[in-house]
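*Asks:* As a plain string of letters, each chain reads:
Number of protein chains: 2
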Amino acid sequence: MRIMYICCMASLLLAGSVSAKVAEIPNDTFSVIHSRKSVKSFSGATVSTENLDKIIRAGMAAPTAVNKQPWSFVVVTDRKKLDALAAGLPNARGIDRAGAVIIVCAAPEQAHMQSKDFAIIDAALASENILLAIEAMGLGGHWIASYPYEDKMKHVRTVLGIPFSVIPLNVILVGVPTGEDKPKDKYQKDKIHWGKW
Amino acid sequence: MRIMYICCMASLLLAGSVSAKVAEIPNDTFSVIHSRKSVKSFSGATVSTENLDKIIRAGMAAPTAVNKQPWSFVVVTDRKKLDALAAGLPNARGIDRAGAVIIVCAAPEQAHMQSKDFAIIDAALASENILLAIEAMGLGGHWIASYPYEDKMKHVRTVLGIPFSVIPLNVILVGVPTGEDKPKDKYQKDKIHWGKW
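Those protein sequence lines, which keep their order, are chains A and B. In terms of my numbering, the first sequence opens at residue 206 and continues consecutively. In terms of my numbering, the second sequence opens at residue 206 and continues consecutively.
Treat the hints with caution; some may be incorrect.
The list treats identical chains as one, so a pair stands whether inside a single copy or across any two.
Below, simulated SDA-like cross-link-like pairs (lysine to any residue); rule was C-alpha separation at most 25 Å, straight line [what the hints assert, rightly or not]: (1) 396 with 366; (2) 273 with 240; (3) 391 with 368; (4) 401 with 240.
It is worth saying that the hints were derived from the structure and are not from the lab. Just so we're clear, the structure is a prediction, and the values are computed from it rather than from any experiment.
For reference, chain A alone in the conformation it holds in the complex:
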């Protein structure tokens, strides 16, 4: 009976350790959505090519109007090029210690009805997937606006050789977070209208 008791306790502990292991990696979608934050404080560590590919692959899983996928992605990890980008992006706080940046580009020529509106929306949806993928991997991300600022878009295009017909929507910083940045609770009940406005 005592052995039975010990074994049962062992069973519970083992089951508990499995649960704890799952809980340690809060990678379920709702946890990731609610723990995503704009990370500005990075450790300075690099991000692997494999991880960057995985992040962008998540971006390309986003929906696009009439499935046109009017997007491209530029990835920069070279420190000199990151510094060159930073020179024209005064808001890019944290870029000096980020491991990489991803520029999500919208291509109106490839969009449904060659619409700039659809191209921007489609690239924005890919960007949100990218931000969530970064969070899900335990990394940190931060959207620095390029569009709709003409001067910033020109700077990003010049540094990276992006054609004029393509819109660099943003510069997403990717890196290992120090843990300083925290998510915000932005739920506001009165922003939901039930039935009608």
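With the hints as your guide, set chain B onto chain A.
*Replies:* Just chain B, lined up with the frame of chain A:
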């Protein structure tokens, strides 16, 4: 010894059942991102208010330019009102068997620099969170465009009493999927530019 053996097997089975339970619900972020699809075939079942609130809560966790949160959400479950919406949205395939729709609205007046561009992007990011939340719950979703079509926006505004200053970006169908709709693999290696364009 035999009791020990039985108990150890029980431990493993118990641990296994916990793992299996987790595996049964592929709710990790990457699985959800890659299994999200535009669902057009719904069972006709309703979606609870609690679930709709949870979905919209995920929408409000998206980032916005300078944290302005220039958005609102209209939720419709009433069949007559869904039919009235459908009358002006010829592309809304599946709305007749969806349980609800969520209209994500962009409010330029509340956006950073009162910019329509930022309002649209911010509402788009919330919409992507909503689509992922729907998928994560085992439900199905589908973005029907309202913006940038003047006639569709006018129709949605009229049916739901949305002010002219507010842009109804989309009409997102939400319902119980029949399982007919499948995700697409949209990964294209040549859409990624490493180092420069």
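*Asks:* Compare the structure with each hint and give your call.
*Replies:* Now the hints, each set against the structure:
Taking identical chains as interchangeable, the C-alpha atoms of residue 396 and residue 366 lie at most 25 Å apart only when they sit on different chains, with a minimum of 15 Å there against 42 Å within one chain. Taking the closest pair of Cα atoms, residue 273 and residue 240 come within 25 Å of each other only across two copies (18 Å); inside a single copy the shortest separation is 31 Å, beyond that limit. In this assembly of identical chains, the alpha carbons of residue 391 and residue 368 lie at most 25 Å apart only when taken from different copies (23 Å versus 37 Å within one copy). For the homomeric pair residue 401 and residue 240, neither the shortest alpha-carbon distance inside one copy (31 Å) nor that between copies (31 Å) is at most 25 Å.
Hint violations for this structure: number 4 only, all remaining hints satisfied.
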